[in-house]
Amino acid sequence: MSHVTPQPWHVSPRGALSGSVRVPGDKSISHRALMLSALAVGESRIDGLLEGEDVLATAAALRRMGATIEREGEGRWRVHGVGVGGLLQPEGALDMGNSGTSTRLLMGLVASHGVTATFTGDASLSKRPMNRVIDPLAQMGADITSSPGGRLPLMVRGIVPAVPIRYTLPVASAQVKSAVLLAGLNTPGITQVLEPVSTRDHSERMLAGFGADVTVEETSEGRLISIRGEAELKPQQIVVPGDPSSAAFWMVAASVVPGSDVLIENVGLNSTRAGLLQALRMMGADIAEQDARTVGGEPVADLRVRHAALVGIEVPPALAPSMIDEYPVLFVAAAFAQGRTVARGAEELRVKESDRIAAMATALSACGVTLSEHEDGLTIEGSGGEPIAGGTTIASLLDHRIAMSLAVAGLHARRAITIDDAGPIATSYPTFRATLDGLAPAEIAA
Numbered sequence: 001m002s003h004v005t006p007q008p009w010h011v012s013p014r015g016a017l018s019g020s021v022r023v024p025g026d027k028s029i030s031h032r033a034l035m036l037s038a039l040a041v042g043e044s045r046i047d048g049l050l051e052g053e054d055v056l057a058t059a060a061a062l063r064r065m066g067a068t069i070e071r072e073g074e075g076r077w078r079v080h081g082v083g084v085g086g087l088l089q090p091e092g093a094l095d096m097g098n099s100g101t102s103t104r105l106l107m108g109l110v111a112s113h114g115v116t117a118t119f120t121g122d123a124s125l126s127k128r129p130m131n132r133v134i135d136p137l138a139q140m141g142a143d144i145t146s147s148p149g150g151r152l153p154l155m156v157r158g159i160v161p162a163v164p165i166r167y168t169l170p171v172a173s174a175q176v177k178s179a180v181l182l183a184g185l186n187t188p189g190i191t192q193v194l195e196p197v198s199t200r201d202h203s204e205r206m207l208a209g210f211g212a213d214v215t216v217e218e219t220s221e222g223r224l225i226s227i228r229g230e231a232e233l234k235p236q237q238i239v240v241p242g243d244p245s246s247a248a249f250w251m252v253a254a255s256v257v258p259g260s261d262v263l264i265e266n267v268g269l270n271s272t273r274a275g276l277l278q279a280l281r282m283m284g285a286d287i288a289e290q291d292a293r294t295v296g297g298e299p300v301a302d303l304r305v306r307h308a309a310l311v312g313i314e315v316p317p318a319l320a321p322s323m324i325d326e327y328p329v330l331f332v333a334a335a336f337a338q339g340r341t342v343a344r345g346a347e348e349l350r351v352k353e354s355d356r357i358a359a360m361a362t363a364l365s366a367c368g369v370t371l372s373e374h375e376d377g378l379t380i381e382g383s384g385g386e387p388i389a390g391g392t393t394i395a396s397l398l399d400h401r402i403a404m405s406l407a408v409a410g411l412h413a414r415r416a417i418t419i420d421d422a423g424p425i426a427t428s429y430p431t432f433r434a435t436l437d438g439l440a441p442a443e444i445a446a
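Numbering-wise (UniProt numbering), the sequence shown opens with residue 1 and increments by one.
There could be a bad hint or two in this list.
Below are the SDA-like pairs computed for lysine to any residue, each with C-alpha atoms no more than 20 Å apart in a straight line [stated by the list, open to error]: (1) Lys-127 - Val-171; (2) Lys-127 - Pro-161; (3) Lys-234 - Thr-435; (4) Lys-127 - Val-351.
Worth flagging that the hints you see were computed from the coordinates, not collected in a lab.
Could you put together the complete structure from these sequences and hints?
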């Protein structure tokens, strides 16, 4: 699933960015659309599916467990599901590539089905801890054997019937919440997840859309999500909105490169994903929402972003769950702001595709940015809008968001920034480089 030969990329300033972009479909929603379609009885159609490596890993795994999944055209897919309880025993291991979302959510699906599945992944994914998912699924009765430290490769032996539980999330994690809810689909009784801090709610929205009996209650302890098991899901027509995590790179790039004016079309603006938008506006970013609408049950708008003089802020830690994947590019925005930005409350970044706090601290320091590293974030002294030094080679560490964030930094650096391997970008945004070239002045892009 993952590439082998490194793909270096030299990123230099190319002038003001202008034009419009349409970002790929939301990765989180794409994963869930495939999974729930595979568990529905009948045929679902998905339009706007992200065709990055992570989502394709989910599709491949579901095919191996009996679902019929076919691509009809760019972003248009057809899925004939096997029904809740109908997953088949896969032959051989399920290769998850670099996708933590695929792994954790599919572990939840398998846990309450009578199948055994072995999950493998690339070098980066194999370093990521899975105990946070293993623990609640084991409480439901699944037998899970992992490599040391709760890592891949691991084997999940599902159980039927599984045991319904009430599980309180020890850390804010939409992946863990979703894994438990997906396991609850084929579990008799009511399975509950209590999240003291709200996380992205795509799973709850889509489960309800497919006909599952899901309730969400605000309590004094947090959000309590309940799902009644042994559900029968109904096939759906799904439209996937643009991924706000992919839009984030253009939001920051247009904000920091002088003279830029970029329209980002069809961006999902679910409130549980809008933390970066809030943070950038606090910094003074010029971001206007146009043509606000609802697509597939999700709020969507076009975003017009124009260059603005950013100022350093203390990023409210409460925003972390709604922008956890966007912190690397927020750090880039902070590098160009006037004054100091303190961005903390994001210790979850330590266990992503890479240790994103350490990776960004090393990369930005090498580019001439003054900063301090904390266990849960960074304090960054901005350039006041001036170009950063650049002139260095950055290790992407097999992490797509590190690679794309540093590409954005290279657009306003005095000397080129070289990313040692841009290949991982394909996991979430295969057309990123072509899109960037399309926003640059034609004589430079050519």
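Where does the structure disagree with the numbered hints, that is, which hint numbers, in rising order? 2, 3
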